[in-house]
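Student: So you can see what is in the structure, the chains are spelled out below.
2 protein chains.
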Amino acid sequence: MELPVSLDPSGRQSLQRQLFEQLRGLILGAGLRPGTPVPPSRLLARQLGVSRNTVVLAYERLSAEGYLQTRSALGTYVSHDLPDSSLRVDADGIADRMSAGRRFPRSSLAFRGRAQAVVSPGKLEFDFWLGRLDPTLFPLSTWRRLVNQVLERADSGFTEYRDPTGLFELRAAIADHLRPARGMKVESDQIIVVAGAQQGLNLIARLLLREGTRVVTENPSYQGAAYLFESYRAEVIPVPVDENGLCVDALPPAGAALVHLTPSHQYPMGFTLSLERRMRLLDWARQTGAYVVEDDYDSDFRYRGSPLMALMGLDQAESVIYLGTFSKSVGTGLRVGYLVLPRHLIEPARTAKALLDNGHAWLDQAVLAEFIASGAYDTHLRRIRRTYLERRDCLIDSLRNHFGNVMLTGTDSGMHLAWHLPAGFPSAAELQALAAERAVGVYSLRSGAAHDFGDCAYSDKTLLFGYSSLDEARIRAGIERVADALREWKRTRCTSARPARTCADR
Amino acid sequence: MELPVSLDPSGRQSLQRQLFEQLRGLILGAGLRPGTPVPPSRLLARQLGVSRNTVVLAYERLSAEGYLQTRSALGTYVSHDLPDSSLRVDADGIADRMSAGRRFPRSSLAFRGRAQAVVSPGKLEFDFWLGRLDPTLFPLSTWRRLVNQVLERADSGFTEYRDPTGLFELRAAIADHLRPARGMKVESDQIIVVAGAQQGLNLIARLLLREGTRVVTENPSYQGAAYLFESYRAEVIPVPVDENGLCVDALPPAGAALVHLTPSHQYPMGFTLSLERRMRLLDWARQTGAYVVEDDYDSDFRYRGSPLMALMGLDQAESVIYLGTFSKSVGTGLRVGYLVLPRHLIEPARTAKALLDNGHAWLDQAVLAEFIASGAYDTHLRRIRRTYLERRDCLIDSLRNHFGNVMLTGTDSGMHLAWHLPAGFPSAAELQALAAERAVGVYSLRSGAAHDFGDCAYSDKTLLFGYSSLDEARIRAGIERVADALREWKRTRCTSARPARTCADR
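Residue numbers (the working numbering), protein chains in the order written: chain A, 122 to 627; chain B, 122 to 627.
Among these hints, one or two may not hold up.
Copies of the same chain are indistinguishable here, so a pair counts whether it falls within one copy or spans any two.
[Unchecked claim] Below are the SDA-like pairs computed for lysine to any residue, each with C-alpha atoms no more than 20 Å apart in a straight line:
1. LYS582 - ALA544
2. LYS582 - ASP363
3. LYS244 - SER277
4. LYS611 - CYS515
5. LYS306 - PRO161
6. LYS611 - GLY170
Because the hints were derived from the structure by calculation, they are not lab data.
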């Protein structure tokens, strides 16, 4: 071990004193921890280019003051019991020179932001957390095979900087996948590989936002988007959603730089933006000069009808930026998503991405490219789509069994659905709390990875259920417990509201 | 394949007409490329929930107009020769509705930035590009073994969101490495894993910069840092460097949010910041409230003397943010670097990192953690340090052989050195151009991944040589060619400067 010590032969202190001070500084600063052996004096002397005697004398003084100890079997090491005097240091010692400034004025941070919730807040046994994957469905054996195959021909994969927009093979595979699947005319050079959808949003924010820029989001919206725009000090304008998706009539007539929306499966309500609104939204974008950020986070899972043509497929005015992710379809541990950009944004986005992080890690990109191009991705999608469909059906079935003709939205696709609570039920937040007492995680709009801006029609009456990570037995057991919680709530409420009368429910 | 088509039974157009228009839109928009087979009518009818006849009639019209073709062996597919009329579409067709807006007003981008150069601009046979790794030195077999070991116990590694600040095991391994190696008192919770040094800088910029914030950089400086700060519309204040590193006396007396510097091996000049200046810099930071960003990009390679104690190890006023990277010591294809933060910045940085990208990919982190913790990292460092030392010696030797007593800086550590050209030599840019004609890449301050702010004392007289990626034979051959180029230049200059006289050189 080489110690980070540097002596200055022309300094006003002796070499021995300098060495003593610096070693003491290391020990006090915990760079050298108690019990750590120090190098033999001969080695340290050689490293520093000083006489061995200088080191021996410095060690002796450190030992005399209690910083070092020597045992014949162990050699010399840092004392476990540092001397009291270690807290007092010489007037011209390093530690003292610095410690005077421990509390000092510091200019305030420029950054202002809230942390979004992407992991479930609790450790609940039956957790219907949103957008969560089932680890047992990850295609591990295929992945391992591809990893080894890619490592066989690693060449300079680990050692060279590459195109900051992503590995060519991956961008080509994504473009090939998107054309038929989403009806988009897209070439590989329009694609920028990003570290998940959140980084895609961040890159868009870097391109389009300054302080005070007006940004439209859905209300309720994806929390990670709303908090991000807020952190750029943009003026966020929430626009309501209804069962046909974003209320296009409520868009501001001018002045917005972009609108962020989730047209395939509105997050969190699950609505699909109607074709008629798609066309009007694109008209609005063309007229106002705003960009449309099409966040297509879970469109790989569609259970009924056809996939809708992406906004980007309909658009011919270069207004749409498409955002996709592999966090839901393969695994969030890959941290791979992508942007599809109109041509005029490619160059600025490439520059912004390079300044952001010089591009994505090589191995995961190379494996994912092979995974898609080999057809394994399609096979995997079919398999998990079938499983998620069964889980969705099981969830709907369980809810109907316990609560009758429940009103649900978002069931046609995705990994979660929304239950619109009927009259006479507790609020969504109350029901969430009651369920949590029984180790069941269900989520109101404010507690999921969603954000509502305060005057959202659905907030108190909607409960969100992610079903992708739970097997059917757990789904049934979880909903059973929610039903128990509700029965208990009705009984208590009945008792406490009319304590003196006989309760009709009994 | 499911086509992204969606029919509206309550629309004013017939289902057949809707289907025709949407399929034509797909073909024109290249969502369906020439030669692509369309689904059998029965399948598409089932997908759309319409009668088979509707699909047959739509296909017939598309065939009649030349969009589809049928061959008995191939089925029905998109025509290779689309009809001329495909460019004209009905007044109420989708394509036409949109195409009117192809050129339209678009608000200007918020982003303004220049792309930094991280890869060598040319493909030269003898390329002394800076900070470049030798692919043959990557520890591939160890890495493959660790990858497979980590995949054995992947569990939810690929499928769960994790701490946005990085995998605990990796942060702990980094902290354990830094304490003795750099004399820093650091705990794992102070570490944020980032996607390379550039992302670390970006995270710092997000935390500390707004438009107009004053930022100090070295002059000359690392290009990626200068361009990044510029892209945040900060006011960048260049401060000169000399052979003792950053000229601390030239720091602005107040008002800077941060100073970015490379104290171990100044980028690009190779100077080391003296201990005396380190102390004065920290005093300045404490007094002005500025942060010191210690960019320690290549300190793993030290060939002479001791590693200097990191600024963060000397600081006791929580002024220093330390930036490290594995891009030089393991491989840039990993895209892993890290920040070490003063405690009061941990929470805001965690939030900013989560809004930036929810954290780094799992597999590379898990493997790297194992690589460090197992001791393989230390072994690897020793091995490449020895190789780089041999290459450095070979480069110095070659330069001396050809050019005599050359003046070099930055030789004590790192992966590159700077040659201060003597009087009577061409400018650095000229020599670079002459060498490039002979397939040799050597770099002036303006062409390397460096940036000078226009009044830098070294710009025209300094040539940079990265030696880490070239073996000794190439180093010798490359320098030989530089010498040839210079001889040729002297001859030509002599001839053209005094054409009528006898040249003394002859």
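Student: Could you run down the list of hints and mark each one as holding or not?
Tutor: For each hint, the structure was consulted:
For the identical chains of this complex, LYS582 and ALA544 are intra-copy neighbours only, at 9 Å inside a copy versus 81 Å across copies, given an alpha-carbon limit of 20 Å. Proximity of LYS582 and ASP363 under a CA criterion of 20 Å is satisfied intra-copy only: 14 Å inside one chain copy versus 67 Å between copies. Taking the shortest Cα distances, LYS244 and SER277 sit within 20 Å of each other only across copies (15 Å), while inside one copy they are farther apart (42 Å). When the C-alpha separation of LYS611 and CYS515 is checked against a cutoff of 20 Å, the pair qualifies neither within a copy, at 25 Å, nor between copies, at 84 Å.
With identical chains, the CA atoms of LYS306 and PRO161 are never at most 20 Å apart, being 69 Å at best within one copy and 23 Å at best between copies. In this assembly of identical chains, the alpha carbons of LYS611 and GLY170 never lie at most 20 Å apart, being 82 Å within a copy and 43 Å across copies at closest.
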